[in-house]
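Novice: Following the hints, position chain L against chain P.
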Amino acid sequence: DQQVKQNSPSLSVQEGRISILNCDYTNSMFDYFLWYKKYPAEGPTFLISISSIKDKNEDGRFTVFLNKSAKHLSLHIVPSQPGDSAVYFCAASGTYKYIFGTGTRLKVLA
Amino acid sequence: GAVVSQHPSRVICKSGTSVKIECRSLDFQATTMFWYRQFPKQSLMLMATSNEGSKATYEQGVEKDKFLINHASLTLSTLTVTSAHPEDSSFYICSALDPAHYEQYFGPGTRLTVT
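In order, the protein sequences belong to chains P and L. Per the numbering used here, residue 4 is the first one in the first sequence, and the count goes up by one each step. Per the numbering used here, residue 4 is the first one in the second sequence, and the count goes up by one each step.
In isolation and in its complexed conformation, chain P is listed as follows:
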């Protein structure tokens, strides 16, 4: 039973445009959400997080939106850069344990 889902396994975006990565969850007890970026053969790198008391958090080019009623969060990257090409995982937490989604491979085309 996949509690955190990323339904798009891959996404291609032109450099300079917006990348939107989506994530859905099923457990209403999750109250903290994170996005990680991962390169092959490396550990995930933290990007941005959001608490369930907020609906938006922004950090530079990265913005995370949370829609609690829809149990949906998204990561916006704007403008997208070729260096953003990687696999992006969303994660949800209700305690200190993180449950990860299946990942979306983003490719930013120059």
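No false leads were mixed into what you were given.
Subject to a maximum C-alpha distance of 25 Å in a straight line, what follows is the list of computed DSS-like cross-link-like pairs (lysine-lysine):
no., chain 1, residue 1, chain 2, residue 2
1, P, Lys100, L, Lys67
2, L, Lys58, P, Lys100
3, L, Lys44, P, Lys40
4, L, Lys44, P, Lys100
A few chain L residues facing chain P, derived, Cβ under 8 Å:
no., residue
5, Thr35
6, Leu47
7, Leu100
8, Gly110
9, Pro111
10, Gly112
11, Arg114
Think of the hints as simulated: they come from the structure by calculation, not from any bench. The beta carbon of each residue, even a glycine, is placed where N, CA and C say it ideally should be.
Specialist: Frame of chain P, contents of chain L only:
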């Protein structure tokens, strides 16, 4: 951000042997560490929660006798894959929970190949 190291970064071993992977938190004391594994093109799956000074808590479906976890100090947790088989080949990643900020910091991962 905080640094978590893993050693080795890559290991190849023969079927039937045991392999130990170390996870260290370098600039904070971590009473709790986590072990994940990732198969190709799949998500990071939590295997177990490692608690300093006590037994690890394993996720459903993870064999505790096969994946031995020891968290003997506040900066070191080890995962030993016992009697490894080719299906144990995977990417193993640890994370350490920083109690001051309640954030998990991930190690760089260890690629295990069992031949």
